[in-house]
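2 protein chains.
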Amino acid sequence: MIAEVVSTGDEVLLGDILDTNSRFLCEQFKHMGVLVRQITAVGDEVAEIGNTLEKIAGRADICLVTGGLGPTLDDVTALACAQASGQKLVLNSQALETMTAFFKKRGFEFTQDNKKQAMLPASAKVLSNLNGTAPGFFMFWDQCWFFFMPGVPSEMKSMFEDGVKPRLLDIFGLKAEIFIERLTLFGLPESRAGVLLKGFENKFPGMRLGFRAYFPFIEVKIIYTGEGNACDSLGKKMTDAREWVVLRLENKVVSLTGQSLEQEVGLLLKEKKYTLAIAESCTGGLVSNLVTDVPGSSDYFLFSAITYSNGAKETILKVNQKTLEAHGAVHEQTALEMARGVKIISNADWGISTTGIAGPSGGTADKPVGTVCIGIAGPGIETAKRYTFNFGTRAENKKMFTALALEVLRRHLMGHTPSLMV
Amino acid sequence: MIAEVVSTGDEVLLGDILDTNSRFLCEQFKHMGVLVRQITAVGDEVAEIGNTLEKIAGRADICLVTGGLGPTLDDVTALACAQASGQKLVLNSQALETMTAFFKKRGFEFTQDNKKQAMLPASAKVLSNLNGTAPGFFMFWDQCWFFFMPGVPSEMKSMFEDGVKPRLLDIFGLKAEIFIERLTLFGLPESRAGVLLKGFENKFPGMRLGFRAYFPFIEVKIIYTGEGNACDSLGKKMTDAREWVVLRLENKVVSLTGQSLEQEVGLLLKEKKYTLAIAESCTGGLVSNLVTDVPGSSDYFLFSAITYSNGAKETILKVNQKTLEAHGAVHEQTALEMARGVKIISNADWGISTTGIAGPSGGTADKPVGTVCIGIAGPGIETAKRYTFNFGTRAENKKMFTALALEVLRRHLMGHTPSLMV
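So the sequence lines, in the order shown, correspond to chains A and B.
As numbered in the numbering used here, residues 6 to 427 make up the first sequence, in order.
As numbered in the numbering used here, residues 6 to 427 make up the second sequence, in order.
This is chain A alone, in the form it adopts within the complex (with noise of 0.2 Å):
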C-alpha cells in the first residue's frame, strides 16, 4: 500500500515554520505499520496544489493533505482539488451546520468569509472539525484516498484521531498498534544504544525498536508491528522484549514507562513522602525549573537557591567560608555543603546541589568548562562527586548537569549506591 503526505501552505517554503504536521501523520502511519512513500510541501497556489494532487490520485492507496482550509483568499485547497479532479465547489449543509454550531457555541459572528469554507469538492465528505472553524472532508479520487485537513496542529490532530484514523483502520484493513512500550534512557549516546540492542529484531519477531534523541535523553520504543491483540501471549512477548532491552542497557534505563526523569523523580519522592530542596550555581535555576514543570510538584518541592556569587553560598546555604578559600566554588566539598544546607534550612528531607562550570568561559586547565560536582544530602546520606563531559555549549552543559543531578537523586531514592553513576 501506498501513502503520501501532503503539506500546503507558504510558510512552510518560506522556511517561517517548521512542518511538524507531516511528522505527526508518518509518526500515526508508522503506528499502523505503514512507512510513508514520500511528503510533499507545496505552496497556497491552486496549480501547484491540483498538479500535485491529481499525480499522487494515480500513484498512491491514501493521501493526508494538510493546510489550506481556512477562510481567507490564500486558502485554496478545496478549489484546488475540485478543479484538478473535474467537480464543482458545492456548499456542503453539513459542514455548514457543523460550523453554525461552533460559531454559535464560541459566541462568533458568522461571516461570508466563513461560508467559503462549507464550499467543497461535489464527491466530498464532510469531517468535523471540533476545535476550529475548518470542517475537513474525505474523498476518493482515480485510485486514492483524500483526506484534507486544517493546518493547524491542534484541530488537525483531533480531527486525525476523531474522524481520519477510524476510516483508515475501516477501508484498508489497517491494525493500530496498541502495543508500544517506551523507556527512557540517561547517560549513553544513541548510536551505542543501538549498538547495545542489535540483535532485538531477530530475537523478537513482529517487533521493531524505535529511537528518538532529546538531548541528553534518548527515548526507546518497543513497536508491536504484526498481527494480535491484547491477549496475554502478546502481553508476555512485550514483558520479554522489553526485560531483554532493559537487561541490555543496564542502569541507563530512568523510566521504565517514557516518563522524563523529573517525573520519575516526583512519583519516587510522592511515594517515599519526601520533600526535596535544591541548592544550584551552574544550572541557574534549570533543575528547579524542570522539577516544577511536573503539575502537584508542590507536594514535595519546597525551596531552592540559586547561588550564583560565593556571598550567596555562604550567607544563605552556610556553605563554610574556609571551603570557597581553600577549594573554590568548583568542589566537591562546596557541593556537599551546598546539599547539607539547602536541606537544613529548608527543613527537607533531601538536599541536592550543583557547581560547576557551564562556560563559555570561566574554565581552567585543572576544572575545564563542562567540569560540575554534584552533591546530595538525604536521610543517613551525604556525598558529592566531581564529572567532567565535553559537550561544548553553555546550553548543553546546563541541560547536562542537570540531569546528572537529578538521576543522582533518582538513585538515591531506589535505593542504588552512588557508585553506580555514570
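Fair warning: there could be bad hints in the mix.
Identical chains blur together in the list; that is why a pair holds if it fits in one copy or across any two.
Claimed, not checked - BS3-like, lysine-lysine: derived pairs with alpha carbons at most 30 Å apart:
| id | residue 1 | residue 2 |
| --- | --- | --- |
| 1 | K275 | K404 |
| 2 | K390 | K226 |
| 3 | K121 | K203 |
| 4 | K327 | K120 |
| 5 | K110 | K372 |
| 6 | K109 | K372 |
| 7 | K130 | K278 |
| 8 | K162 | K323 |
| 9 | K275 | K257 |
| 10 | K257 | K93 |
| 11 | K275 | K323 |
| 12 | K278 | K323 |
| 13 | K203 | K120 |
| 14 | K241 | K110 |
| 15 | K327 | K278 |
| 16 | K241 | K208 |
| 17 | K93 | K226 |
| 18 | K242 | K278 |
These are calculated hints, taken from the structure and not from any lab test.
Since chain A is already given, all that's left is putting chain B on it; use the hints.
The following block gives chain B in isolation, referenced to the frame of chain A:
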C-alpha cells in the same frame, strides 16, 4: 526561476525526526528572494530517489538535496543520482583526498566503507565537508543544477554557506539579502502585529516583513529584497522602515536588535552596573534559568530563591507571616515583600518576584489559573501588580509569567513607569 528542495532518509518518513534541513534551506532561499516551489521527502530507496530527482531535473532550475551520503548501506543518494542520470559512479580523487586528510586530522581509521563515500557520479564536482566525512557534490542534469549535501544539520549548514550559497549567487545572479533588521516583541499576538503593520510593503517598496512566533514572543524581520548595496540611502531607508515599525508597535518592542528579553535585561544591568536577585514561586526557576542562560550573567546575577512553600517565603525571604495569613501567597503584597526580601538578603540593587497559579490545579474563582503577581524592588522603587492570563497550560503560564517579570524589570531599567506595562 524554479527552486526545489529534496530530503532523503527514512527517519523523516517514519516521523522519527523533523525535517529541519529543508526548513533551513527554504529560509536561505527566502533570504535570496526565492520562494521554493516544492519540498519532497523520500526514503532511502535507489528507485524512489532516482525517480524523484529525474522529474525535478526536467522541471526545476535549482535543486538542493540533503541526506544519504554516509558510509552505510542505506546511504544511496549518489548511486540513485548516477543511475537515474545515466552516469557511472567513479572514484572521485578530490573527494578521496579531502576525506583522507579529514580522517588523518581527527585520528580516525579510514575504512572501505568510507571509500564508498568518495564514489560520485562521473560529472559531479566535489563540495568539501569541513565538519564531517561525507563529501558533497554538485552537477548539472537536464535543465537543473543539483547540489547534494549531507543530512547532518551542522555539516549541511556549513557546506551550504561555504560551497553552495556562493555558487547560487554566482550561477543565478541571486542577491544575498544583506539587509535584515530584527525586532523582538512581547505583549501582543502575531495576528495583531500583522494588523498594526499593514501597509508596510506599499510604504517601503523593495522591503517586506517576516514574522516568527515563539511563545510568548514574536520576532519581526524587516527584509530588504531589492537591488542595492550598503550605500547611505539604503541605510536611511532601513532606519526609516524600522522607525515606522517601532512607532506602530508602541511599547511592545523589547529589543531593537532581535535579542532575547533576558539578553536585553542583561545588557541594561551591565551597562548601569546593577546587580539582580530573584524570588520565584509559580515560575519555579524559569526566570533564573533564562537570566543565567546569558553568558557572563555572573557579572550581575547574585542569587535566586525559589520559594514554593509558605514556610520558605517566611524564613528565607522574610515575608511577613501576617501578609500570608491575610492575603495568601498569590497577592501583590506578598510579591512586593518577596522582591524586597530577596533584594535585601542578597544585597542586590534590584529584586524581582513572581507568585501566582500556573495550574493545572490550584485556581479559585477569585484567583483563577493564569493569575500572577509580579513584584519589583529597586533604587527608590517598590511596587507590585496583579495580572491574569488565559493561555491554559502550566508550561505556557510559566513562560508568560517569566517574560512578564523580565519585561517589568526591563521597563524599570529603561526608566519607564510601571503603568506602561501590559
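Quick rundown of the hints versus the structure:
Proximity of K275 to K404 under the C-alpha cut-off of 30 Å is found in both arrangements, the shortest distances being 24 Å within a copy and 26 Å between copies. For a Cα distance limit of 30 Å, the shortest separation of K390 from K226 qualifies neither inside one copy, at 32 Å, nor across copies, at 47 Å. For a Cα distance limit of 30 Å, the shortest separation of K121 from K203 across copies, 24 Å, qualifies, whereas the shortest one inside one copy, 54 Å, does not. With identical chains, the CA atoms of K327 and K120 are never at most 30 Å apart, being 76 Å at best within one copy and 58 Å at best between copies.
In this assembly of identical chains, the alpha carbons of K110 and K372 lie at most 30 Å apart only when taken from different copies (25 Å versus 62 Å within one copy). Proximity of K109 and K372 under a CA criterion of 30 Å is satisfied inter-copy only: 28 Å between copies versus 64 Å inside one chain copy. Taking the shortest alpha-carbon separations for K130 and K278, neither the intra-copy value of 54 Å nor the inter-copy value of 66 Å comes in at or below 30 Å. In this homomeric assembly, K162 and K323 never come within 30 Å of each other (Cα to Cα): the closest approach is 52 Å inside a single copy and 48 Å across copies.
When the C-alpha separation of K275 and K257 is checked against a cutoff of 30 Å, the pair qualifies only within one copy, where the shortest distance is 23 Å, while the shortest distance between copies is 42 Å. Taking the shortest alpha-carbon separations for K257 and K93, neither the intra-copy value of 59 Å nor the inter-copy value of 46 Å comes in at or below 30 Å. For the homomeric pair K275 and K323, the shortest alpha-carbon distances inside one copy (28 Å) and between copies (28 Å) are both at most 30 Å. Within a single copy, K278 and K323 get their C-alpha atoms as close as 26 Å, and across copies as close as 27 Å, so both meet the 30 Å cut-off.
Taking the shortest alpha-carbon separations for K203 and K120, only the inter-copy value of 25 Å comes in at or below 30 Å, while the best intra-copy value is 56 Å. In the homo-oligomer, the alpha carbons of K241 and K110 never lie at most 30 Å apart, since the shortest distance is 48 Å inside one protomer and 51 Å across protomers. In this assembly of identical chains, the alpha carbons of K327 and K278 lie at most 30 Å apart only when taken from different copies (29 Å versus 35 Å within one copy). In this homomeric assembly, K241 and K208 come within 30 Å of each other (Cα to Cα) only inside a single copy, at 14 Å, whereas the closest approach across copies is 69 Å.
Proximity of K93 to K226 under the C-alpha cut-off of 30 Å is found in neither arrangement, the shortest distances being 46 Å within a copy and 40 Å between copies. Taking the closest pair of Cα atoms, K242 and K278 never come within 30 Å of each other, the shortest separation being 35 Å inside a single copy and 64 Å across copies.
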